[in-house]
Amino acid sequence: MKKIALFTALLTLGLAVNAQTLNVQSAMSDLKRGYLNKAKASIDKACVHEDTKEDAKTWYYAGLIYSMIGDAATDPQSKYKKYKDLDPDWCQKAYDAAMRCKELDKAGDFDLKYIFSKVGSTYYNKSIELFNAGNYKDALELSDKAAKVLNNSGDPDLANESIYIAGYCCQMLKDSEGVKKYYGPLVRRSKIKEEFKPRMQHVYTVMYGVYKDLKDTANVIKTAERYTKVLPEDPAANLLLANAYIWTGNNAKAIELANKAIDESKNTPAYPKMLCAAASVYEQSGDYATAEAKYNESSQLQPNQFEANYGMASMMINRASEKNDAINKIVDAGDFSEESDALMAKLTEERNAFFRQAIPYLKTAINHIDGLNEEEQAQYRPQLYSCLRTLNICYVTLEMYEDAKPVKARLDKIEAGANN
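For the record, in the sequence shown the residue sitting at position 78 is 78 according to the working numbering, with numbers rising by one throughout.
Derived by calculation from the structure, the hints in this document are not laboratory data. Note that this is a predicted model, so its numbers are computed, not measured. There could be a bad hint or two in this list.
No more than 20 Å apart at the CA atoms, straight line, and that leaves these computed lysine to aspartate or glutamate pairs for DMTMM-like [what the hints assert, rightly or not]: (1) K126 with D287; (2) K81 with D71; (3) K32 with D71; (4) K193 with D157; (5) K32 with D75; (6) K45 with D96; (7) K126 with D155; (8) K84 with D30; (9) K126 with D157; (10) K323 with E350; (11) K102 with D155; (12) K191 with D155; (13) K253 with E264; (14) K180 with D213.
Simulated DEER-style distance windows between Cβ atoms [unchecked claim]: (15) R188 with E376: 26 to 36 Å; (16) A409 with R356: 28 to 38 Å; (17) K405 with N328: 23 to 33 Å.
We treat Cβ as the ideally placed atom computed from N, Cα and C, and that holds for glycine.
All chains, full assembly: derive it from the sequences and hints.
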């Protein structure tokens, strides 16, 4: 009797083991037949049972099933669409399952690319939505996740797009270290795919600005030179290098490169923008007349554009700042003589005149951005913020407080979104 009882106990145990193995098999079968709810129920049991939770196959099917739940949630044409609300947390669960499978699958029997691709592309798409809405903090978190997942999927192109968005978020959040973290590796690449080159124009320019703010002369030059070597066909590369030479005091070399960029872009759609960029180089060298002529030529070729209006406004604001610095020097010196008062009055009027000249250019630049579609507006958001902030300063300085109110309201809204 004891032997029979022992055999019965072993038989019962064996059936339990088989039952758990059958949960994986049932999940596979239900998935193929389109019963996603049953497949989920079976695989969830297998994922926690002692006999199957250490099996790579269990986690492979868990990742696959949760990916299919994601397919139902994101694709209206999915054959599983009736299960679109089966599990709102499908994305994280699919990723966790794939990573567990990868950990257990020592022989490399399971191809996880589809799961990682589904999860990564979902994180990427959500990050774009958040970025376009101005929620840079959450967009950064998701784009960072997307980059890591997509690198596992074997999709480096979309991973690069995610890295680009992550760096852009850091730029909007004024996080210089974050910008360097994401854009630094991109800058160091020696080969760039054709479709990613427009992104790299932004990357080089932003990294240049970061190093310039840090007064890191060596990396300012390296970044600009890297741009000219990797994308020699891009006239904007010569202009960035020209700006680097301006910054280091070599105005002659800077103007030479600016003129080269203009010549290279003639008879191309980029020519009006190249004129504006060259105008900035001339402005920085102190040749305001030539700078203004370049901006005007650009405006004649392409009326009501952003770049020429923004450039002219920036030049006027910079010149106003020079006058303001001169005023502050007199105040700091404590010289209250009649001659000083007269000079301050003259400088104040000259400063205000530059502010007044800047206002219509700023308004035209803002109107240009407001007329763009949603995706294009997102790309111009840093410039929009800059224009609104500068316009607000002009209005307040000129005591045009009623004009300043709607501008300040827009600024507050943008800043509130950036701090989410």
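Tested hints:
This hinted pair does not check out: K126 and D287 have alpha carbons roughly 46 Å apart, beyond 20 Å. For a cut-off of 20 Å, the pair hint linking K81 to D71 stands: about 8 Å separates their Cα positions. The hinted pair formed by K32 and D71 meets the criterion: a straight-line CA distance of about 14 Å does not exceed 20 Å. A C-alpha spacing of about 9 Å is found between K193 and D157, which places the hinted pair at or below 20 Å, so the restraint holds.
Restraint check for K32 and D75: satisfied, since their Cα atoms lie roughly 18 Å apart, inside the 20 Å limit. Distance restraint check for K45 and D96: the Cα-Cα separation of roughly 16 Å lies within the 20 Å cut-off, and the hinted pair is therefore satisfied. Distance check on the hinted pair: K126 and D155 sit about 18 Å apart at the alpha-carbon level, within 20 Å; holds. Proximity of K84 to D30 is assessed by CA-CA distance (about 17 Å); at most 20 Å being required, the pair is judged to hold.
The hinted pair formed by K126 and D157 meets the criterion: a straight-line CA distance of about 17 Å does not exceed 20 Å. This hinted pair checks out: K323 and E350 have alpha carbons roughly 7 Å apart, not beyond 20 Å. As the CA atoms of K102 and D155 are separated by approximately 17 Å, the hinted pair is consistent with the 20 Å bound. A threshold of 20 Å between alpha carbons decides the hint, and for K191 with D155 the separation of about 17 Å falls inside it, so the pair holds.
For the suggested pair K253 and E264, the alpha carbons sit about 17 Å apart, so the restraint of at most 20 Å is met. The straight-line distance between the Cα atoms of K180 and D213 is roughly 13 Å, inside the 20 Å bound, and the hint therefore holds. Distance hint check for R188 and E376: the Cβ-Cβ separation is about 29 Å, which falls inside the suggested range of 26 to 36 Å. Take A409 and R356: their Cβ atoms lie about 22 Å apart, and the range 28 to 38 Å is violated.
Range check, K405 to N328: Cβ separation about 27 Å, and the 23 to 33 Å hint holds.
The structure fails hints 1 and 16 (numbered hints given earlier, in ascending order).
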